[in-house]
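K.L.:
Sequence:
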Amino acid sequence: MSDKDLYNELSYSRKNVYEIITDDEKADMFKFCDSYREFLDKGKTERECVAETVKIIEAAGFRPLDGFETLKAGDKVYKINRGKNVFAAVIGTDDIENGMNIVGAHIDSPRLDLKQNPLYESEDMALLKTHYYGGIKKYQWTAIPLAMHGVMFTKEGKKVEINIGESENDPVFCVTDLLPHLAGEQMNKKLANGIEGENLNILFGGIPVGEDVENKVKFGVLKLLNSRYGVTESDFLNAEIEIVPAFKAKNVGIDESFIGSYGQDDRVCAYTTIRGITDIASPKRTAVALLVDKEEIGSCGNTGMLSAYFEMTVAEIVEKIKGSCSVTAYNKVIRNSACLSSDVNAALDPNYASAYEKNNASLAGYGMCVIKYTGARGKSGSSDASAEFMYEVEKIMNDNKVVWQSGELGKVDQGGGGTIAQYVANLNMDVVDCGVPVLSMHAPFEVTAKTDVYMAYKAYTAFYKDR
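With this note's numbering applied, the sequence shown has no gaps in its numbers, which climb one by one up to 501 at the end.
Among these hints, one or two may not hold up.
[Stated by the list, open to error] Straight-line distance between alpha carbons at most 27 angstroms, and here's what the computed DSSO-like set of lysine-lysine pairs gives: (1) K284 <-> K171; (2) K193 <-> K76; (3) K89 <-> K65; (4) K89 <-> K76; (5) K282 <-> K89; (6) K113 <-> K49; (7) K60 <-> K499; (8) K193 <-> K149; (9) K499 <-> K354; (10) K149 <-> K171; (11) K318 <-> K499; (12) K163 <-> K89; (13) K106 <-> K499; (14) K392 <-> K38; (15) K192 <-> K76; (16) K171 <-> K76; (17) K392 <-> K445; (18) K110 <-> K499; (19) K193 <-> K257; (20) K435 <-> K392; (21) K106 <-> K366; (22) K224 <-> K445; (23) K499 <-> K435; (24) K318 <-> K110; (25) K38 <-> K113; (26) K149 <-> K76; (27) K89 <-> K106; (28) K257 <-> K163; (29) K435 <-> K318; (30) K499 <-> K113; (31) K189 <-> K149; (32) K163 <-> K250; (33) K49 <-> K60.
[Unchecked claim] Distance windows between CB atoms, simulated: (34) N227 <-> D204: 27 to 37 angstroms; (35) V243 <-> D289: 50 to 60 angstroms; (36) D289 <-> E195: 37 to 47 angstroms.
Hints listed in this document are in silico derivations from the structure and should not be mistaken for laboratory results. Built from N, CA and C at the ideal position, the CB exists for glycine as well.
When you get a sec, could you build the whole thing from the sequences and use the hints?
P.N.:
As structure tokens, this is what we get:
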């Protein structure tokens, strides 16, 4: 063997996916990503993601868990929590106490939420106050078309679903910005302070209506809301209204090699997770796809990963398989289970290369990324996967010809981030982060490579099938 061949055998290097995949796989990849773009357009909120997910899994034969008194190998079941979580499972042939294969993603994304008392009038304009959700660069949310999605309840208890700005003839909304001619003071501020959170106010209307009314424009929009939806201003107090970008998911690049869209963190992993489990017919271990909420704000609340929803559903499944769920049986299930925390990583951006450490940064187009640890600086907030589990995942990927890479989130002291992995690990379960590299993460328009999306789907399918 020549020194060159030996060096290639001994050293680690990554390859662009296009250097490896066949023409048939490339065709399958582009078709898969077309379906993914449709999913993104239909699921811009957690509730919408759940609704679209239910359509996908029901078409694949999954049925509500509540409809089963007992469970057997091959049964496909799902359970929804408060319209914002999905637990989908294919019951395995192995004893449930030997553990489950779980892939878990989150379906919330950074956005603007309406405040509970949002509507006001100023300078003959109706505006809506917002409170941003998750980590955003506030300036990115100005001067772009925005849509309004959500639910609210009338005094009579009628649930009203809001979706304005997505259809071709719908109006859109926006947060206005200061013109450069008058922005001298603004431009001298630090980037983080150029736009203040309290100034992320939505332009909502401008036609004055009525006589003997102090706020005529506000009155005009209230009349429109009441005539179209039957709601009054006080109904905003119970509302859950999200402001999201109004544009559609698009192919990016002259060769259409990328996907650009709002909400790819983390719906790219949610979609590939769900598509993976729908391809599983009769796994050895019970396969579980878990979609959760609130990751962007700490996985809290009754729909986040810190909720008991996951544990309660596992206990219900164990009981329906075995006839009862003892503490001992439940503990064995959890201890012997393993999870891929399917969340995105930051792809190295050549425009901002100094923020990354190239040897350990994920590269767009080089496949699905396994992230041994996340956290900030000294790995704070990370579960830090063991060598044993890393090897197990690595072997599954290699055996199934999944193109994958290793990566971390930027330079050590640059910042950092967290996922649901640490909360899964707290249950005494093996877990590692494993997802798609993203450019412009947390921006209104995030970018992923189609190769990486497709390899994530292959990775999750392999994990369900072969672990």
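K.L.:
Mind checking the hinted window 50 to 60 angstroms against the Cβ distance between V243 and D289?
P.N.:
holds, 51 angstroms
K.L.:
Are the Cα positions of K193 and K149 separated by 27 angstroms at most?
P.N.:
holds, 19 angstroms
K.L.:
Compare the distance between the alpha carbons of K163 and K250 with 27 angstroms, and conclude whether the hinted pair is satisfied.
P.N.:
holds, 18 angstroms
K.L.:
Quick one, are K318 and K499 close enough, alpha carbons at most 27 angstroms?
P.N.:
Between K318 and K499 the Cα gap is close to 7 angstroms, so the pair holds against 27 angstroms.
K.L.:
For the pair we were handed, K106 and K499, check the Cα-Cα distance against 27 angstroms.
P.N.:
Satisfied, since the Cα-Cα distance of roughly 17 angstroms is no more than 27 angstroms.
K.L.:
Tell me if the straight-line CA distance from K318 to K110 falls inside 27 angstroms.
P.N.:
Cα-Cα ~14 angstroms, so holds.
K.L.:
With a cut-off of 27 angstroms on the C-alpha distance, tell me whether K89 and K65 pass.
P.N.:
holds, 19 angstroms
K.L.:
Taken at face value, is the distance from the CA of K171 to the CA of K284 at most 27 angstroms?
P.N.:
Roughly 22 angstroms separates the two Cα atoms, so the pair holds.
K.L.:
Quick one, are K392 and K38 close enough, alpha carbons at most 27 angstroms?
P.N.:
holds, 23 angstroms
K.L.:
Would you check the hint for K89 and K106, treating anything up to 27 angstroms between C-alpha atoms as holding?
P.N.:
holds, 23 angstroms
K.L.:
Are K149 and K171 close enough, with their CA atoms no more than 27 angstroms apart?
P.N.:
Roughly 19 angstroms separates the two Cα atoms, so the pair holds.
K.L.:
Under the criterion that the straight-line Cα-Cα distance not exceed 27 angstroms, is the pair K224, K445 satisfied?
P.N.:
holds, 22 angstroms
Checked against the numbered hints given earlier, this structure breaks hints 6, 12 and 25; the rest are met.
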